[in-house]
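Q: Chain by chain, the residues run as shown.
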Amino acid sequence: MRLLSKTTLLIVTVSIFIFLIGNIVFFHISKAMIKKHIDTELVSQMHRVLSKINKSEELFQLTQFSDEVVIKVMPASYVQHPQFSDTVLYDKIQKRYVPHRSLKFTYKSVNVNRKISIYKSLLSSDKLIERITISSIVMVMIFVLMIYILNRFVFRNVWSNFFSSLKKIENYDIKSLEKLKLEETEIDEFDKLNKVLTKLVNRIQSDYQSLKELTANTSHEIQTPLAIIRNKAEMLLQSDNLSEKEMQEVYSILTTSDRLSKLNQSLLLITKIENNLFDEFEEIHVNEILEKHLNNFAMLFEAGEFKVSSELTEGSISINPILLDILVSNLMKNAVAHGTKEGNIHVAYHHPMLQIKNDGERLPFPEEHIFTRFVRGTNGSTSNGLGLEIVSKICNYYSITINYSFKEKQHCFAIDFSNISL
Amino acid sequence: MRVLLVEDEFELAQSVIDYLKKSEKINCDYANTIDKATELLELYDYDCFLIDIGLPDGNGLDLVKIIKTKDNKAGIIIISARDSIDDRIAGLNIGADDYLVKPFHLSELNARIYSLVRRLKFEGNSIFKLNEIALDPQSREVKINGTSLDLTKSEYDILYYLITNKNQVISKTSIAEHLAGEYVDVMNSLDFVYLHIKNLRKKLIKAGCTDYIKTVYGVGYKFLME
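Quick mapping for you: the protein sequence lines, in order, are chains H and A.
For the first sequence, numbering that gives the first Met the number 0 assigns the number 0 to the initial residue and increments by one for each residue that follows.
For the second sequence, numbering that gives the first Met the number 0 assigns the number 0 to the initial residue and increments by one for each residue that follows.
With a straight-line Cα cutoff of 30 Å, these simulated DSBU-like cross-link-like pairs (lysine-lysine) come out:
1) H:Lys306 with A:Lys202
2) H:Lys306 with A:Lys201
3) A:Lys152 with H:Lys340
4) H:Lys211 with A:Lys64
5) H:Lys91 with H:Lys119
6) A:Lys205 with H:Lys306
7) A:Lys20 with A:Lys64
8) A:Lys24 with A:Lys128
9) H:Lys340 with A:Lys201
10) H:Lys340 with A:Lys197
11) H:Lys34 with H:Lys107
12) A:Lys21 with A:Lys72
13) A:Lys35 with A:Lys20
14) H:Lys54 with H:Lys71
15) A:Lys128 with A:Lys201
16) H:Lys103 with H:Lys91
17) A:Lys152 with A:Lys213
18) A:Lys197 with H:Lys306
19) H:Lys244 with A:Lys197
20) H:Lys231 with A:Lys165
21) A:Lys213 with H:Lys340
22) A:Lys20 with H:Lys231
If you are wondering where the hints come from, they were derived from the structure by calculation, not from laboratory data.
All figures in this text were calculated on a predicted structure; none of them were measured in a lab.
Starting from the given sequences, assemble the full structure and let the hints guide the process.
A: See below:
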């Protein structure tokens, strides 16, 4: 829910609730006040009637003092203390029954006991309460509407800087060399937020840049000495007065430095994947990449070291081309390195599922360690034990699943690209 | 042939210079900065430039741009320790002919210079002859005493690689890497090079060619031709 909708909804519900209670309370209070007012009127009328009776005795003969005052002669023993009550009387003008308030009492004079009842119509006061209630409800509705409009207006004004900052941060690319710039606002809290955010983002950006540089530099700094060792060894091989044994030792310096540099490259690759340095992606036809690798393969193994077969269907995914290339080549390398000689290698791509199978012996270590760093089979002494870890890192990076299984003397790696398939 | 090597790492440069001089009698001049390289550029005509990207006084790619503005017809090979696709594309886009990642085999560098210079100088129409062997890099055809020899792609690549590095000891890994590229680490364990060399030798001898390919036991091979 948006901030504006949330605050508006909250304010409107709370104010409606408050006004509802307020209205009920107001209704009851005004009703009680009007009742009290009518009661005092009745009492003053009683006094007026009594004073009039005292002045002229003949009035006593009348049973009907007026429409609102009824006088009845009662037995001497009858006593009625003054008492208020609510009744309904027929109104001749309105031609219907109308609620009335009454005051009844007895008055004794010259041995005549009279019961006097004074009535007061509540018609006008009920109307009054009704009108007051209606007008207060209308007021409340207008008020709530005003609050709603005011809230939107205040919201627009006060939060505009916040939203412009939010938009800027949303569109900001950590990898760009541009610094994040947020507008200054007169609201202290937003200013503080902007400052904290700018600081944070700049920090992340500089970390990202230095990490990127570090990986590139480390690669450069380690590769150069390794290149020197390798080239010096190669030069030594050209010397004419080395014995066969010395030549072989120089050769092993050469191959070991090779291994070291490949190890360095692989570790750097893993670091780069883990640190999100491969975030460009393109639409790539997986079948084309597989065909390219299979062609390279066919050329390398023209002497028939492996029986390579494939089954490819069209299909494209959104992935970094370098990572897909590394993924496929590492799986193929794995199939070659651990496949039996003259055995089968089968590559199948049924969009978006990739399967690479090769004949081979059961793993000498538990299956769950297959993607772990430096866990190797027995025959791959030249492999650096990082190939499948790189594969699993790439899969993790794109949250695609990879499964290993061993059935009928065949190793099988299955990758499900459906997460990133197009 | 005259080559200019621009590289700040002296030890590395030394090996390159020695190797090129020894194998192909290539005269290799050496500069360790862009400044020095531009100076030498004014003085001599070069057939090929070998340029490192990370130089003390700037980026090697800038030097490539300078060479290109001088309308130089020489080949340019970038040698860099940074195996980044961006650098590779940037280098090739501004006119470099090839890109080699450190650490590289000297024999590989030599073969690349050789192919590049031949391609630029003879515009590809160059059949080169060594005694009874005639090799056409354009059509990838090999003739022994005039009769053509049927070689597989790998066998041809090995022969070409050995010939461009003749009289040098070529390590097995270097041949394997030349053929298999990224698959090299797998190939080493498979006697892959041995298999192809064995077949190549058989075919050459059968066609009446002298057996120039000598095995350096446990290390590699040498194409011996005095």
